[in-house]
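Peer 1: Sequence:
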Amino acid sequence: MVRQASLLYQYLINSYLHSSDEEEDWNVQLAHSISSELKAPYLKAPHAAFTGRWGFPLKRRAFHRFPDRTLASTSISTSPSHINTSSIVQIYPPLAVYVPVTAGISHLSLRIATITFLFASLFYPQSRTMATSHQLQELGTYTACDIADALVKLNVPNAGFLPDLKLFAPPSTAPEGSEGDSNPDVLVAPASTVLFAPKTGDTSGYIDANIPSGKHFVDLTEPETIVVMQQPLGQKCAILGGIMALRMKVLNAKGIVVNGRVRDIEELATTALPIWGKATSIVGSGLEAKAHAVQVPLDIDGTVVRPGDLVFSDFVNGVVVIPHDKVEELLAILPGLVEADDRVKEDVEKGMTVQEAFKKHRG
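When we follow the numbering used here, the leftmost residue of the sequence shown carries the number 162, and every step to the right adds one.
Hints are computed from structural coordinates only; laboratory data are not their basis.
A portion of the hints provided could be inaccurate.
Said to hold, decoys possible - Across the chosen pairs, the derived CB separations fall in these ranges:
1) Ala-440 with Asp-363: 20 to 26 Å
2) Pro-458 with Thr-293: 49 to 55 Å
3) Lys-521 with Asp-363: 24 to 30 Å
4) Asp-380 with Glu-507: 48 to 54 Å
5) Asn-478 with Gly-447: 22 to 28 Å
Said to hold, decoys possible - Cross-link-like lysine-lysine pairs, in silico, BS3-like; alpha carbons within 27 Å at most:
6) Lys-397 with Lys-410
7) Lys-376 with Lys-397
8) Lys-410 with Lys-360
9) Lys-376 with Lys-360
10) Lys-506 with Lys-520
11) Lys-360 with Lys-314
12) Lys-314 with Lys-506
13) Lys-451 with Lys-410
14) Lys-360 with Lys-327
15) Lys-521 with Lys-511
16) Lys-451 with Lys-397
17) Lys-439 with Lys-397
18) Lys-511 with Lys-487
For glycine and all other residues, C-beta sits at the position ideal for the given N, C-alpha and C.
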């Protein structure tokens with residue numbers, strides 16, 4: 162990893178050395194920012210690299226989507242042959258981020274911004290490990306309660322639980338991939354996120370906005386994900402309705418979790434997506450809310466949801482979020498915990514006290 166990072170940085174500098182005078186100042190500052198801030202922001206707050214906070218101003222800032230299918234292939238073809246960027250580009254599938262670039266940006270600067278994204282990914286360990294299909298299938302054999310018990314053991318805040326959610330639109334069929342031993346009442350998929358802000362008033366406490374001008378947030382839906390949406394507290398409007406849910410379905414979202422209000426309940430049901438929310442409204446988001454940012458961490462009642470975390474949607478019990486860097490540890494301890502509980506229940510049914518059964522099987 163260190164060697165790859167070194168080569169990527171060398172490529173960045175080489176790009177600067179061959180840049181035009183018009184781009185020189187921007188490239189120098191970008192290279193300096195990466196060099197001087199590599200050890201801190203990318204480890205502690207990697208999203209800062211994607212929201213324009215480079216430590217220097219970017220005039221006429223615009224946003225470009227990374228990784229982009231066409232841009233990724235271009236970047237691979239122009240990179241030095243000894244750098245295996247084809248695997249690095251896929252570090253964070255299926256999610257995309259939006260990074261700031263200058264208006265009227267050239268092909269060279271797009272390459273530099275791409276390399277910057279890859280560079281940040283290398284130094285953000287959590288973004289390099291995504292759950293495999295086998296892991297998703299294995300997780301699908303458990304319940305949300307099983308998952309939460311294991312996350313308590315792993316000291317995950319709130320055991321990953323998203324409280325007070327109601328399933329407004331139960332799926333009409335078993336989730337895709339729930340064949341075999343998988344629980345038909347469970348859907349597990351990576352999270353993608355949408356943060357809403359008040360339509361008016363102070364938003365200085367919010368992360369930088371990153372939805373490109375002229376784009377609707379719903380058209381940025383990441384396929385194969387469960388979309389997690391967060392609404393400001395105390396609002397009376399809904400941030401999800403029938404049209405938005407339909408568009409997410411068309412873009413192949415697997416489910417929706419709204420930490421806020423929803424509306425058009427009958428229309429939500431026709432999507433066949435599992436849709437969770439806290440409450441309802443008859444008023445659209447235009448009354449008092451606006452989409453502010455996508456693919457950013459959300460703090461939901463003390464449970465942090467990051468893009469790429471796994472959302473465990475249990476249609477009977479509720480929703481729990483699994484940090485993606487805890488998946489392997491979780492799967493390692495789940496069988497033992499579930500087996501211990503099964504033995505506890507067997508002994509309690511035979512007349513043993515709960516205290517005795519816990520001591521015998523849980524230790």
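Peer 1: Each hint should be assessed against the structure and marked as holding or not.
Peer 2: Results for each hint:
1. Here the CB-CB span from Ala-440 to Asp-363 is close to 25 Å, well matched to the stated 20 to 26 Å.
2. For the hinted restraint 49 to 55 Å between Pro-458 and Thr-293, the CB-CB distance of approximately 23 Å leaves it violated.
3. Taken as a hint, the range 24 to 30 Å is violated for the pair Lys-521 and Asp-363, whose Cβ atoms sit roughly 57 Å apart.
4. Between Asp-380 and Glu-507 the beta carbon distance is about 52 Å. The supplied range of 48 to 54 Å therefore holds.
5. Checked against the hint of 22 to 28 Å, the pair Asn-478 and Gly-447 fails, with Cβ atoms roughly 34 Å apart.
6. Note on Lys-397 and Lys-410: the hinted pairing holds, with a Cα-Cα distance of about 25 Å set against a maximum of 27 Å.
7. Distance restraint check for Lys-376 and Lys-397: the Cα-Cα separation of roughly 25 Å lies within the 27 Å cut-off, and the hinted pair is therefore satisfied.
8. The suggested pairing of Lys-410 with Lys-360 holds, with an alpha-carbon distance near 26 Å, which does not exceed 27 Å.
9. A threshold of 27 Å between alpha carbons decides the hint, and for Lys-376 with Lys-360 the separation of about 17 Å falls inside it, so the pair holds.
10. Annotation: proposed proximity of Lys-506 to Lys-520 holds, straight-line Cα distance about 13 Å (limit 27 Å).
11. With a CA separation close to 40 Å, the supplied pair Lys-360 and Lys-314 exceeds the 27 Å bound.
12. The hinted pair formed by Lys-314 and Lys-506 meets the criterion: a straight-line CA distance of about 20 Å does not exceed 27 Å.
13. Among the hinted pairs, Lys-451 with Lys-410 is consistent with the structure: their alpha-carbon atoms are about 21 Å apart, no more than 27 Å.
14. Proposed proximity of Lys-360 and Lys-327 is supported: the alpha carbons are some 26 Å apart, at most 27 Å.
15. With a C-alpha separation of about 14 Å, the suggested pair Lys-521 and Lys-511 falls inside the 27 Å cut-off, and the hint holds.
16. Restraint check for Lys-451 and Lys-397: satisfied, since their Cα atoms lie roughly 13 Å apart, inside the 27 Å limit.
17. For a cut-off of 27 Å, the pair hint linking Lys-439 to Lys-397 stands: about 12 Å separates their Cα positions.
18. The straight-line distance between the Cα atoms of Lys-511 and Lys-487 is roughly 36 Å, outside the 27 Å bound, and the hint therefore fails.
In summary, the structure is inconsistent with hints 2, 3, 5, 11, 18 from the numbered list given earlier, while agreeing with the others.
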